[in-house]
Amino acid sequence: MKQKKYRVVGQPLPKKDSMQLLLGKPVYMDDITPHGALVVKLLRSPHAHALVEEIDTSTAWKVPGVAAIYTWKDVPSRRFTIAGQTYPEPSPYDRLILDRHLRFVGDPVAIIAAEDGESALQAVKLIKVTYQKLEPVLDLHAAKDSSILVHPEEDWYPPCPVGGDNKRNLAASGGDSDGDVDAVLAGCDIVIDRTYHTKAFQQAMMETFRAYTTLDRYGRLHVISSTQIVFHVRRILSNALGIPKSGIRVEKPRIGGGFGAKQTAVCEVYPAFVTWKTGRPAKLIYTREESQIAGSPRHEMEIRVRLGASREGRIRALDLYTLSNTGAYGEHGPTTVGLSGHKSIPLYTGGLEAYRFAFDVVYTNLQPAGAYRGYGATQGIFAVESAVNELAERLGIDPVVLREKNIVREGMVMPAYYGETANACALDRCLARCEEIFDWEKRYPVRELGDGKVRTAGMAIAMQGSSIAGVDVGSATIRLGDDGCYNLILGAADMGTGCDTILAQMAAECLDCPVDSIAVFSADTDVSPYDSGSYASSTTYVTGKAVELACGQLRERIRAIAADMLGCPAEETEFGGNCVRQLGTDAEVPLSQIAYRAQVNNRWAAEATVTHSSPFSPPPFMVGMAEIELDRLTGQVTVLNYMSVVDCGIPINPALARVQAEGGIVQGIGMTLTENVTYDPNGRPVERSLMQYKLPTRLDMGHLRVEFEHSHEPTGPFGAKSIGEIVINTPAPALVHAIYRATGVWHRELPVTPEQIALGLE
Amino acid sequence: MEIKLTLNGRPVTGSVPPGLPLLDFLREKGCLSVKQGCETSNCGLCTVLLDGVPVLSCSLLAARADGHSVTTLEGLREEARQFVSFLADQGADQCGFCNPGMVMNTIALLRENPDPSDDDIRAWLAGNLCRCSGYESQLRGIRAYLDSRKR
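Note that the protein sequences, when read in sequence, are chains S and W. Position 662 (the first sequence) corresponds to 1689 in the working numbering; numbering is contiguous. Position 24 (the second sequence) corresponds to 251 in the working numbering; numbering is contiguous.
Any given hint might turn out to be false.
What the hints assert, rightly or not - What follows is a list of derived Cβ distance ranges for each label pair:
hint: 1; chain 1: S; residue 1: Lys1100; chain 2: W; residue 2: Gly236; range: 50 to 56 Å
hint: 2; chain 1: S; residue 1: Asp1543; chain 2: W; residue 2: Pro341; range: 32 to 38 Å
hint: 3; chain 1: S; residue 1: Glu1583; chain 2: W; residue 2: Lys377; range: 49 to 55 Å
hint: 4; chain 1: W; residue 1: Pro341; chain 2: S; residue 2: Glu1420; range: 46 to 52 Å
hint: 5; chain 1: S; residue 1: Lys1032; chain 2: W; residue 2: Lys377; range: 30 to 36 Å
hint: 6; chain 1: S; residue 1: Thr1665; chain 2: W; residue 2: Pro341; range: 40 to 46 Å
hint: 7; chain 1: S; residue 1: Glu1420; chain 2: W; residue 2: Ser312; range: 46 to 52 Å
hint: 8; chain 1: S; residue 1: Arg1331; chain 2: W; residue 2: Pro341; range: 55 to 61 Å
hint: 9; chain 1: W; residue 1: Ser312; chain 2: S; residue 2: Lys1160; range: 53 to 59 Å
To be clear, the hints were calculated from the coordinates, so they are not data collected in a lab. Built from N, CA and C at the ideal position, the CB exists for glycine as well.
Work out the full structure: start from the sequences and follow the hints.
What follows is the structure, given as structure tokens:
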């Protein structure tokens, strides 16, 4: 595809903050906040389901240095959600800061604040609690309409109608369809009917959850949090503490990774409550164990797929039922589940005659789930892609050829994707290119190496969205500084992805200046223009468009100021990057002079703010192919090569886009092969540390290669769509496919461990 | 207890509880590049050099550093600067939280083996977890630096 050439957009520039990060400069919450804050610790429930019968803090208070201890008796009684979503949130208001009713192992029982960490921990141990143990609901299958209720309370409140009912353990339920699925399935030559299961995988970002709170010089609550969602955190704290939003300021420093975990205010309410009550600065840093057991992991889902096809391999019908486990609280429960159908079924728009998608989201007495890169699409794509691969193997059709027959193509209307049209879709080209660079024909066949070792390959395709259509808001303020440089002020949150840099690249492109002339700031609710935050693959697409539009407005404003200086109408000027020229003459004024002029006897603000939202969520597309070596004796899988081709519209910064893809692929490899989430019979999580929760190391991912096929999204900035989330979606189905090729066994539950592979072969 | 050590070339003393991890001592002394990522010696974020040898400062008591020389990234920025721009060129820094530990261990590698193979690099840095990058860009960056030295 012919691509327009840009000067700065499309360049693989280093991140603006890379030297700060690589040289270990103090840029994170715990580096930049003052010493002397109260250290906040939480006493957590040892039981999956219990009531606090009695709680005695008198001994704990005797520990020197203890400044505050709070129990359920001390907190406001109004329920709220900690999910970072646009108001009215689809997530139910089902939390209190501390609740007498404890709903999972790790649910906070008391907040302790002390002068130092050791005193706080000592006090935690000295709080005496009598628990009334309740029977827990630990199995997602047993939750719906169980006699045991996770949320029996009368003040459970859903701000949106999402089909929830706390008296049935339902956080949400619903579905939709197009065409007569049962009739089409009945007429199909072959129906694949399988059920897939994925677990509550952890984002495991390297910087655990943490927040610092203090009162500023106006007596307002000032929060410095490692968060993706400063504006939502402000609303959440306002709801939780019962104080007006005008009394709260939330800012984020550099963030040590998020992947969606920090799209939920997992920890902020606790130090905020301490500061609000004591007037003193407070700091809470989750241990790795706390992040593992009381974080905000992926929703466990069980997905039944019924796929109907013709003998020739035309996929005619898809019927999905997703049972999602939101755990003890409903953060992101009603929304993640939707993506399991809406971002998997549309991949097969090509020949699809009918689809149906139905879901239930249940409460259980397990760790509450939340947002994790892929947000339900990951689970749905694992299920649908595995079913499609099984169809290919059953029909004896090459899985690449099967995709070619059925995939969505540019210009198609996608009934399963809210009726949106695929205006930019290079999935067909991604498929062809990946087949070529991977050398699919050579790697796909099963090759016996002797000693029980075998090599083969598997594949999958994927999609995601770009923002939440008609909901997400991105804004940018661009301001001319007095030396002719610019400030770009954002509410989006760079969590390491490099969005500060790529948004500056867009601004530099529009303002015809070097990227170094753009100083970026984000994010602070007192300073930044409103942005819903960095999630849902929205920042490049929505905030990026806001940057493009704001820069366009600022150019007009600069011309107006310059026209005054040149003594001509603004229509007779042109913006020249470092100057404004008068058309048809040699007259021009340099940008630095315009900037100074803007500070003297001037009534035009030399800045522009644009807020943007899109009625569409254009899907990026991707193809992934994995070559493995499998040892049939031990079940060990070694990933040799993982190649993928991504259609993200155009990559604004190919280096950063590539690393997004590589990082997502390795996370996907982790959730497929090594990362496990299990519980003991009492609902206590087993994988409590990084010793037990096995993140892939650099010896576990083989060789990666990522390429791009460009398309042009007409509603995106410079034709861009998104890339942040889609990249985690192909490894699970592709690796499971390869494992089937090597063993003849389909594994339908993640992760697929060597033990399961070896047992499956027996 | 009282300890005396050399921190980034300067003598420092401290009065520390016997159970204090070196990591906490170093952060208290202003070496904020040293990060904690786990409590179980699994992530490599807290890597510093003890008498020139890479160690995990979360799993070493400050008391054990008594009489020794400890180096953090604060003391090695010039040495690091030689190659970290190659990592930046690849976008390998990402969230950055694991960067100091990985950079420290890379310095240790290059001091020990100035011309490592890709497999040498992967093996040496295997204990440095990164959740963002997928590692490949880090390898490309280090490889580009090594290649630049050969020209």
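inquiry  = I'd like to know which numbered hints this structure contradicts. Please list them from smallest to largest.
reply    = 6
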